[in-house]
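**Student:** Taken in order, these protein sequences are the chains called A, B, C and D.
For the first sequence, counting from 1, position 127 maps to 127 in the working numbering; every step adds exactly one.
For the second sequence, counting from 1, position 435 maps to 579 in the working numbering; every step adds exactly one.
For the third sequence, counting from 1, position 126 maps to 849 in the working numbering; every step adds exactly one.
For the fourth sequence, counting from 1, position 53 maps to 1022 in the working numbering; every step adds exactly one.
Keep in mind that a hint or two might mislead.
Said to hold, decoys possible - Cβ-to-Cβ under 7 Å is the rule here; a few derived chain A residues that face chain C:
id, residue
1, N28
2, V31
3, W34
4, E67
5, D103
Bear in mind the hints are in silico, worked out from the structure with no lab data behind them.
For every residue, glycine included, the Cβ atom is placed at its ideal position computed from N, Cα and C.
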Amino acid sequence: MSTEESTAGRGEARPGGGYDVPRGGRSNFEVWSWVFMRVSGVILIFLSVYHLVWWNLVVGVEHLDSELVIDRWANPLYRLLNIALLTFAMLHGLNGARYSIEDYVRKPGLQLAVKGVVYTIVIGSLIFGIFALLTFDPSILTNR
Amino acid sequence: MIHTHTYDALVVGGGGAGLMSAIYLSRDPSIKTAVISKLYPTRSHTGAAQGGICAALANLEEDHPEWHAFDTVKGSDYLGDQDAIEVMCEEAVDVIIELEHMGLPFSRTPDGKIAQRPFGGHTHHFGQGPVRRSCYAADRTGHMILQTLYQNSIKNGVEFFDEYQVVDVLINQGRCVGVVAYEVSTGDLHVFNAKAVLFSTGGFGRVWSITSNAFANTGDGPAIAFRRGIPLEDMEFYQFHPTGIYKLGILITEGVRGEGGVLRNDLGERFMERYAPTMKDLASRDVVARAINQEIREGRGINGKKYVYLDATHLGKDVIENKLPDIADFCRTYLGVDPVKDPMPIQPTAHYAMGGIPTDMNGRVITDASNTVLEGLYAAGETACVSVHGANRLGTNSLLDLVVFGRRAGLDMARYCLEAEIGPLPENPTADIEATFAALLATTDGEPAARLREELQDVMQDEVGIFREGKGMERARVKIRELQERYAKVVVMDKGTRFNTDLMEAWELGNLLDLAQVTTESAINRTESRGGHMREDYLTRNDAEWLKHTLAYRDARGEIELRYKPVTITKFQPKERVY
Amino acid sequence: MAESRRKPTEAGRSKVRIRVLRYNPDTDKQPAYRDYTVSVEPTDRVLDALNAIKWYQDGSVTYRRSCAHGVCGSDAMRINGVNRLACKVLMRDVGAEVVIEPLMGFRIIKDLVVDMESFFAQYRSVLPYFVNDSRPPERERLQSIEERERFDDTTKCILCAACTTSCPSFWANEEFVGPATIVNAHRFVFDSRDDAAAPRLERLNGREGVWRCRTVFNCTEACPRDIRITQAIGEVKKAIMYGQIA
Amino acid sequence: MAKEYRSRSLGTALRYKGREGMWTWMLHRATGLGVLLFLIIHVIETGLIVISPEFYDEALLLYKNPFFRIAELLIFFSVLFHAANGLRIVVQDFWPAVMRRQRQLVWAATAVVVIAMIPVTWMMVAPLFGWADEPGTGRHLERCRSATTAPACVLEGSAEAEAL
Ligand SMILES: Cc1cc2nc3c(=O)[nH]c(=O)nc-3n(C[C@H](O)[C@H](O)[C@H](O)COP(=O)(O)OP(=O)(O)OC[C@H]3O[C@@H](n4cnc5c(N)ncnc54)[C@H](O)[C@@H]3O)c2cc1C
Ligand code: HEM
Ligand code: SF4
Ligand code: F3S
Ligand code: FES
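Kindly generate the complete structure, drawing on both the sequences and the hints.
**Tutor:** Here's what the structure looks like:
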């Protein structure tokens, strides 16, 4: 029995390319934001837990006052840590908020609007916070 | 609503056989091909096949296609056509390599080749002892074949009509010109006009009550063809697989025995040693199934019940978890039995149709003993009867049949499509099926189809099952007649057009009834025992009178007429079969 | 099988209430529950109970089914709030009241039958087939046992969609390719013989690709084939990440 | 065509019976968004210090309201849970093989949070009922003793005042 004709072109797609290469978004934005979430998250564990433990359990909220804060901010290292905490938390949270918005606000126009509002608020408060930390002048305490 | 489509080639059925031919057809973009399937193709029952697919690759030990051919001929109880068997066993090697090149993830040997294991009835040196010939992918070989073929169909851009049920074949001026399909989700009828049509609609195990077959295996293809005057070949040969899960019929692959599992009766005896001294538990299926039934009849079923044990506990956890994971899962899910620790309760289960639509080696449907081809109509897979399985199919040879003859049919259809013109549709192509559906839907006060189906399955199990006998089959014949009459007043409760599976089930019952009738008539007439057809009133094989294929026709009055066709014998002369 | 096991003579039967969420868009305004009482054996499958309803009480109850033993992927549905194959859940494991609802997130065609077209379209979008355009050897391509093992888990997928329709990210956003698609990409990405990992990963790196997965594990819990889906997704994510940024 | 019906909304999630992975995801999301909201408020209020420390001290009275203590506790819990669960996610992401034990990992992360919350809750709630001193009382008194400029550093009538 002859089998010649049947061995021709085994396992091949049909000539002329039967299949298309799928197109995804060509950007790497999602992978970067994913990695950023992990990296910032791990850093945030230290920063945020330290922050919480310090103010809530070591200092105690009852004892909080502007003087304490000013005292602490007098040290540039603490200010830097605060900037880091603020920045990472805001960006991490912002991207997290983006995930939720993209999930639950499906109408393209509305999604854009909601993103606009949320981004403005988060980035606005981030800038305001950094601005406060940078322009803060510890001498206000002594000046008083 | 009626829609009309025109294609060059139509493949009816998206199982292994259908997809293999579709892949070959799709290689030539000038041939417009569509696959029509009542299930999403990946739901086809090919996916349930577990054990493996045989080819004399000789990856682990010496092996030759001739040995494979001999085993197949012997397995068929010499009823298989030897020219076709030779082709299948020769091409097996090539087609397995082709499947591997298509990406099929076979299990591997330590040196990276396709792994192979022993299987029932497969031997070296013409029957000297078991040989490792079955290529496998754990215990989901069929699943991997089906997935791989579907994947390649997508790759080749094959067009699919999923969940379209073909309900009629259009034959006009002596050739096949298309089919009529029912779009299940809408209830619309579609007329497909084509040059070549392939039927690969799988088996019809749902004729029996204990079966390894899916609900969808209702034999639509053969039944449709039969009603349009095409004969059915060797319908009395139906295989009962020795090891189905007790009561459920779910298959426990022969691979379990291939790996070393053994059958035990109530006394704990490994009884196959008595029935098949050389091959023991790996004897051919008909032999093992009969041995089990014999044990049960003689009271050695477990606790006197209708089952025996398949014991794999000595294989160890590793073999079971790695080589037979799905089986382990079935046993745990459905029986609460862990095959690592306990034996599995099994009983023979209706499994495979050796008979079907007669074809030649290129899948072309033939209509009589002199092999007259019905132009434009093809069949492949379990639906077809080439005949490579004769009176009894060897394990793993069905998957092989699908791919070898699916491929050959695809190639021949491609050739035919390039040279033939499209034939004209008959007048009013949907009239008959519309009348059928209308009648089914018209009844408001009658019996549910399910009741008839159950009665049919019970009588077939009892009287036209593993052991058969003239009087019992007469009873079955009468019962089927009665059921056919009652079928006229079956009630379809769902009168809607949207996804009306109630209507489809009722229509499928009509197919089961017709096929049961052909099976019974063919079996009553064959007064001998051969392979899957075992008669207690004619215990021996009778080559002098019965070394021939049955061809069953439906005559004008709806009666069944039986004719016969010689068996092709080339190298292997009929001998007594001992394992 | 089911048929013979349903004979009322057998002992150990009990009455069970089956509550099916029915919906036929041609006649109903919205989906509504309907109750049926059937007599079952503890070892009957939920599919057997549905069959008992369809065959003898209400033929219009509609669902898909074929193999009846968990290998074809037809009958994924929500059983008591979780995605399951009706043929792989036994009645003794679901209690005397069973609530059956269609998969969530797909259009309902009728009752428990949902429109799977978008599911298969997603699947097709990741080149779910073997690609190696080099000239094949005369015999099989070699692959070691370990290389074969690498992607074994994801070859088991039967495309039942139980995973995708259990995924909160998918419920929210049907453009998300969904776990099943990623599973089927994984099967080829980690196949040592395949050459097209790059375009698949590119597709999955897109906006609606793997990064939408929030490791919720609903998919893994729902998979009737016990595929460790979330792990497979994780492996794909890592592959993309190292490919893109390292 | 008849009306299309599909189950796809925020409420959909509530109708599915998910397991550990699902409820931790919901909590992770809720705590993340909650903490973000708090953070925004917190930043604005702390920033006030630049404008006017006195104004800041006024604003602080809000924190010192006993009812706000519960909110603080919630924020503490949120950050801790989000952190522990986030760490679990990161570990799974970089070693996918550990997902075989995903349920146990969820319980481990939850256990860490619960165990940590026991002393935290005690420290933050007990003072409200006078069962324990406010956290940091010792340090605070220290500062008051040495204070030169501290305005009203001891609350009148408080336990601290007596101790002084
Ligand atoms: C449990 C089990 C295990 C098995 N194990 C093995 C094994 O290990 N080795 C081996 O060699 N063989 C095995 N077999 C046998 C083998 O799997 C089958 O014979 C073979 O898969 C049949 O393939 P097919 O393509 O002919 O049909 P199927 O795979 O059954 O496909 C039939 C197709 O036809 C379609 N169809 C049916 N009716 C219609 C219609 N009216 N209109 C449109 N479409 C229709 C269906 O949708 C389906 O796509 C096993 C069988 C079973 C049941
Ligand atoms: C404390 C340490 C933190 C860790 C370890 C951490 C970790 C993570 C991780 C890994 C994710 C990604 C989840 C995912 O992709 O499925 C995430 C999401 C998120 N995080 Fe954090 N995070 C931390 C702190 C914060 C803080 C301080 C905020 C608030 C400003 C925040 C807000 C969010 C939000 C809103 C999400 C999105 C949730 C979602 O998509 O379901 N996280 N976090
Ligand atoms: S991965 Fe599992 S749940 Fe998902 S489609 Fe495949 S088999 Fe179904
Ligand atoms: S449920 Fe969905 S979010 Fe990821 S882990 Fe599974 S795909
Ligand atoms: S019917 Fe096939 S998976 Fe349930």
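**Student:** For every hint, state whether the structure bears it out.
**Tutor:** Cross-check of the supplied hints:
Annotation: interface hint on N28/A holds; nearest CB of chain C at approximately 5 Å, less than 7 Å. A cut of 7 Å between beta carbons decides the hint on V31/A: the least distance to chain C is about 5 Å, and the hint holds. Checking W34/A against chain C by beta carbon gives a least distance of about 5 Å; that is within 7 Å, so the hint holds. Annotation: interface hint on E67/A violated; nearest CB of chain C at approximately 43 Å, more than 7 Å.
Annotation: D103/A was flagged as interfacial toward chain C, and the flag holds, the nearest CB pair being 4 Å apart, inside 7 Å.
Consistency note: the structure conflicts with earlier hint 4 alone.
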